[in-house]
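**Q** Here the protein sequences come in this chain order: A and B.
Once you know that position 52 of the first sequence is 51 in numbering that gives the first Met the number 0, the rest is easy, because the numbers rise by one and skip nothing.
Once you know that position 84 of the second sequence is 83 in numbering that gives the first Met the number 0, the rest is easy, because the numbers rise by one and skip nothing.
It should be emphasised that the hints constitute simulated quantities derived from the structure, not laboratory data.
Keep in mind that a hint or two might mislead.
DSSO-like, lysine-lysine: derived pairs with alpha carbons at most 30 Å apart [claimed, not checked]: (1) A/K183 - A/K166; (2) A/K15 - A/K41; (3) A/K41 - B/K50; (4) A/K49 - B/K50; (5) A/K178 - A/K166; (6) A/K183 - A/K15; (7) A/K49 - A/K15; (8) A/K15 - B/K139; (9) A/K166 - A/K15.
Note that this is a predicted model, so its numbers are computed, not measured.
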Amino acid sequence: MATERELDAFLRGVEKRAFKRTYYHVRNEESALDIVQDSMMKLAEHYGHKSPEELPMLFQRILSNATLDWFRRQKTRNALFTQLGDFDGPEGDGEFDVLEALLANSDNPQQESSQSQAERAQILHAIEQEIQNLPTRQREAFLMRYWEELDLAETASAMGCSQGSVKTHCSRAVGALAKALRSKGINS
Amino acid sequence: MNISSDTNGPAGQTEARFGVRIAARLEDGLRDLPHNITERLRAGRMRALSKRRVTQIQLETVLAGAQSASGSLDAQTPGFWTRASALLPLLALVLGLMAIGVLQDQERAYELAEVDAELLTADLPPTAYTDPGFLQYLKKSAQE
Numbered sequence: 000m001a002t003e004r005e006l007d008a009f010l011r012g013v014e015k016r017a018f019k020r021t022y023y024h025v026r027n028e029e030s031a032l033d034i035v036q037d038s039m040m041k042l043a044e045h046y047g048h049k050s051p052e053e054l055p056m057l058f059q060r061i062l063s064n065a066t067l068d069w070f071r072r073q074k075t076r077n078a079l080f081t082q083l084g085d086f087d088g089p090e091g092d093g094e095f096d097v098l099e100a101l102l103a104n105s106d107n108p109q110q111e112s113s114q115s116q117a118e119r120a121q122i123l124h125a126i127e128q129e130i131q132n133l134p135t136r137q138r139e140a141f142l143m144r145y146w147e148e149l150d151l152a153e154t155a156s157a158m159g160c161s162q163g164s165v166k167t168h169c170s171r172a173v174g175a176l177a178k179a180l181r182s183k184g185i186n187s
Numbered sequence: 000m001n002i003s004s005d006t007n008g009p010a011g012q013t014e015a016r017f018g019v020r021i022a023a024r025l026e027d028g029l030r031d032l033p034h035n036i037t038e039r040l041r042a043g044r045m046r047a048l049s050k051r052r053v054t055q056i057q058l059e060t061v062l063a064g065a066q067s068a069s070g071s072l073d074a075q076t077p078g079f080w081t082r083a084s085a086l087l088p089l090l091a092l093v094l095g096l097m098a099i100g101v102l103q104d105q106e107r108a109y110e111l112a113e114v115d116a117e118l119l120t121a122d123l124p125p126t127a128y129t130d131p132g133f134l135q136y137l138k139k140s141a142q143e
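If we strip away everything but chain A, and leave its shape as in the complex, we get (with noise of 0.2 Å):
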């Protein structure tokens, strides 16, 4: 059973990238704090007594059911589930050219040192701007894959589909916002 200090460091840990992740699905900071604040009480008042291991996986599902319910109250879960993206994404060797490039430049250590805080801003907005235009569950997929770490029987399990969905959904993701990023100019 967590510990309350436990429950707290583990909170602590995925707060804001909880809060950021909701933020590119809801688009409004306080739908997206009160999402997450929903995730945490739901989280700490009915699993409260799980081990600290369980915690990453129950709040994944907490958080994206509560994102869900926030889109059926919005009475947008048709859009949410629609989007022709999700099945019909950009696909094409072409695209692992360009991540290839986009990788070859940003692995230059020195270029990434120079690169001043405003640079970095612009560059972080471009790549927020950009996952945001993901069809949702290549979103979805991507950001918990990449960003939670979690795995792939993890994510898919947290998602609700295949293994085999997980990494169409993450491919497609990752070629989109090379594509996109390239087109702007920016080595990731």
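Since the structure of chain A is provided, determine the placement of chain B on it from the hints.
**A** Only chain B this time, still in chain A's reference frame:
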């Protein structure tokens, strides 16, 4: 991190590297979250923790209650007062039923006494009601 273990082939590795780099940028951006946002998140976390405290206290109270109940049932040699206190509600129920019975008997006796008194003090003697002619007269007058 368990990302690279899930990715197959060079294309998968490239994707994973790109994803990790983007995630690093996003993580970096968390440091610049406005103060009001971080404060609201902190307040939300505090509320969640206090909610957990309340839930835990409720759970402990319920468990303690259940434990003490099962403890008293499991006790092999309960003392005289424990047994007596367990019998008290039953005793109260029996006494209550007895009191209700006595009251009902009394009430019935009063009702009968009232009827008798009325019969005895009426103008007609009680034997009149056993006279078939008189009963016929009463029936006819009631029909009219």
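**Q** Between the alpha carbons of A/K15 and A/K41, is the straight-line distance 30 Å or under?
**A** holds (17 Å)
**Q** Take a quick look at whether A/K41 and B/K50 sit within 30 Å of each other, Cα to Cα.
**A** holds (9 Å)
**Q** Take the C-alpha atoms of A/K15 and B/K139, compute the straight-line distance between them, and say whether it is at most 30 Å.
**A** Cα-Cα ~99 Å, so violated.
**Q** Between A/K166 and A/K15, does the CA-CA distance stay at or below 30 Å?
**A** holds (26 Å)
**Q** Taking 30 Å as the top limit, are the C-alpha atoms of A/K49 and A/K15 close enough?
**A** holds (22 Å)
**Q** Checking one constraint from the list: CA of A/K49 to CA of B/K50, max 30 Å. Satisfied?
**A** Judged against 30 Å, a Cα distance of about 15 Å means the pair holds.
**Q** For A/K183 and A/K15, compute the direct alpha-carbon distance and say whether it is at most 30 Å.
**A** Answer holds: A/K183 to A/K15 is near 27 Å, not above 30 Å.
**Q** Measure nothing beyond the straight line between the CA atoms of A/K183 and A/K166; if it is 30 Å or shorter, mark the hint as holding.
**A** holds (26 Å)
**Q** Taking only the CA atoms, is the gap from A/K178 to A/K166 under or equal to 30 Å?
**A** The hint holds at about 18 Å.
Consistency note: the structure conflicts with earlier hint 8 alone.
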